[in-house]
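Trainee: Protein chains in written order, with our numbering: chain A, 1 to 289; chain B, 1 to 323.
A few of these clues could be false.
Quick partial rundown of chain A residues pointing at chain B, CB under 7 Å, derived from the structure [what the hints assert, rightly or not]:
| no. | residue |
| --- | --- |
| 1 | I95 |
| 2 | I98 |
| 3 | R105 |
For the chain A half of the interface with chain B, some residues (derived, Cβ under 7 Å), not all of them [claimed, not checked]:
| no. | residue |
| --- | --- |
| 4 | L91 |
| 5 | E262 |
| 6 | P277 |
None of these hints come from the bench; they were simulated from the model. We treat Cβ as the ideally placed atom computed from N, Cα and C, and that holds for glycine.
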Amino acid sequence: MLVQLLAAGVTMGLVYAVIALGFQIVARGADIFNFAHGELVVIGTLVYFSLATTYRVPAAAAVFLTVAAVIVVSVLIERATLAPMRVREPLMLAILTIGVATLLRGLMILIWGHDVFFAPPLLAGPPLVWAGASIARANLVLSGACVAALAALYLVFSRSLWGKKILAAAINPEAARLVGVEAAWTRTSVFVLAGLLAGLAGALVAPVTFAYAGSGFNFVLKAFAATLFGGMDRFEGALVGGMALGMLEAFIAGYVSSAFREPLVLGVVIVVLMFRPSGLLGGAALRVT
Amino acid sequence: MRWSHEGLTILLLLAALPLATSSPYHLTVGGLALIFAIVALGANLIMGIAGQASFAHAAFFGLGAYTTALLSTRYDMPQWATLPISLVLSYLVGFALAYPALRVRGFYLALVTLAVSEIFTSVINQLPGALGGAEGIVGIPPFVAGRWVAAARTAKYFVVWAGAVLAYVSLERLMASHFGRIVRSLRDSEIGATSVGINLTRAKTRAFAISGVYMGFAGFLYAHFMQYVSPTGFGLNTTILIVSMVVVGGMADITGALVGALLLSLLPQLLRRYVGLEPVIYGGLLILILLVLPEGIVPTLRSVLRRRRAGPAVLPGHGELPA
Chain A
1 MLVQLLAAGV
11 TMGLVYAVIA
21 LGFQIVARGA
31 DIFNFAHGEL
41 VVIGTLVYFS
51 LATTYRVPAA
61 AAVFLTVAAV
71 IVVSVLIERA
81 TLAPMRVREP
91 LMLAILTIGV
101 ATLLRGLMIL
111 IWGHDVFFAP
121 PLLAGPPLVW
131 AGASIARANL
141 VLSGACVAAL
151 AALYLVFSRS
161 LWGKKILAAA
171 INPEAARLVG
181 VEAAWTRTSV
191 FVLAGLLAGL
201 AGALVAPVTF
211 AYAGSGFNFV
221 LKAFAATLFG
231 GMDRFEGALV
241 GGMALGMLEA
251 FIAGYVSSAF
261 REPLVLGVVI
271 VVLMFRPSGL
281 LGGAALRVT
Chain B
1 MRWSHEGLTI
11 LLLLAALPLA
21 TSSPYHLTVG
31 GLALIFAIVA
41 LGANLIMGIA
51 GQASFAHAAF
61 FGLGAYTTAL
71 LSTRYDMPQW
81 ATLPISLVLS
91 YLVGFALAYP
101 ALRVRGFYLA
111 LVTLAVSEIF
121 TSVINQLPGA
131 LGGAEGIVGI
141 PPFVAGRWVA
151 AARTAKYFVV
161 WAGAVLAYVS
171 LERLMASHFG
181 RIVRSLRDSE
191 IGATSVGINL
201 TRAKTRAFAI
211 SGVYMGFAGF
221 LYAHFMQYVS
231 PTGFGLNTTI
241 LIVSMVVVGG
251 MADITGALVG
261 ALLLSLLPQL
271 LRRYVGLEPV
281 IYGGLLILIL
291 LVLPEGIVPT
301 LRSVLRRRRA
311 GPAVLPGHGE
321 LPA
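For reference, chain A alone in the conformation it holds in the complex:
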């Protein structure tokens, strides 16, 4: 039981970390609270489902195409709605993304309807049994891909000039502008990365959960909860927060009550925030928005 719950917690925790990281890159790099991030994940699940079942594209190619499609949508959102916005107040920009999320949800319902789809697993075969727990092969692929994505992002931010420019703009936009990091360029880069992470999470999670056009808020809520846990002063917060959320969900569902999983998890998140206002990893200072 314990090992089983740990495995479930780690798998979902990694997915949440990938989703939360995309949300946080936009929040920090462009100062935008992106309510539409969950919808990007849902587009990922639905596109992956259609490619894998209707068009019979092999799994690896389907994941790749899904990620590309979600990046295009993400950049389109930024170019068509957020860039032309004249009022740059964070609250108004957040409300604008609520409009974008609602529009995307409506379009997805028009295309895919209200049906719930189940995508085929990434890797077929009998589950592996280890220490009394059975672990689906697809979940190993899922966890591996998430770890690879997080590691790749870590390298982008620590080694590449591109990543360092984004980080600089996130930490101090004024100073970054003075040394030639353009704000418009940062915003587009940030949305490319967010689309990449959301598309990947969507494609990977489609076989584990399901694909449904109305599930966007559910995903964005996970990104929020993980962010509240881990804080977003540092990007490692996404990993810590995502894992904490995944574990907490698995253990509350396993030992306390699966019906009250959602409210209990959110309750714990709020209590943590009362004592550490910028998350578990957060520093004392918090930028006023």
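For chain A, the structure is supplied; the task is to place chain B on it using the hints.
Mentor: For chain B alone, kept in the frame of chain A given last:
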């Protein structure tokens, strides 16, 4: 004392709705529009005027509705008792929610209020016995005052209308008061407000609590107007609708909240032919308004009218010389 008459004029025109139509359908749509106008007024106080990124509006609305619904169906409590209980509870919850608002700001406040809102609906959904579950609560009595029962649609409509007038006038007076100025200073500059001796803790907790009271009052009216409540009416979609109302009408503008609520409540009626397109239209409209009229409809109209009244602008040096 300067009264702005725009909002009251609109409300007086709405009092004539029962003269124009006796269809229960039209009166229900009109009554709901007025109820949402009260919610939007409360949401505008905390979000637009005080500038706090709070997204728990639907939960406050639902708290008022569920409190009176449960007390009047399960305990047969009279409305002169359930109304104050609903209002006091909304005040206290608003007060409690203000504490995270003191600790966290901006992004984190938005996250916490959304979490609170989500906890509200999921707890109701999971407790069919105690809170009616996903099915909701039926059999809520209509408005009662002494022997008088508002059984007819028209009577219910007038009760809700009176509530909207009360909410509008009281909020306008409140904003013209000393407290109103303090709340506005929260939006403009917290540091500036503190430097002139404003107690931020008190100002914020009171702004949250009072905005909660308006939304809870709307919830009370909703429960007895519709005589039915269910958790779907108080979820994230409702919060999005309320936020859209405030933004479309005009952030921080009291008449704006009223106009936004009325427009967005009537819009679905005009779009009934396009079933299934609602989210596309709502989302598209919200984006369009924010991009084209970021100030909102009412403040934009107001500045257009002011410019017209002032006549064509005269450039310095090209006008008449002073005698």
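Trainee: Hints first: check each against the structure and report whether it holds.
Mentor: Tested hints:
1. I95: Holds. Min distance 5 Å.
2. I98: Hint holds; I98(A) Cβ to chain B Cβ min 6 Å, cut 7 Å.
3. R105: holds (5 Å)
4. L91: holds (5 Å)
5. E262: holds (5 Å)
6. P277: holds (5 Å)
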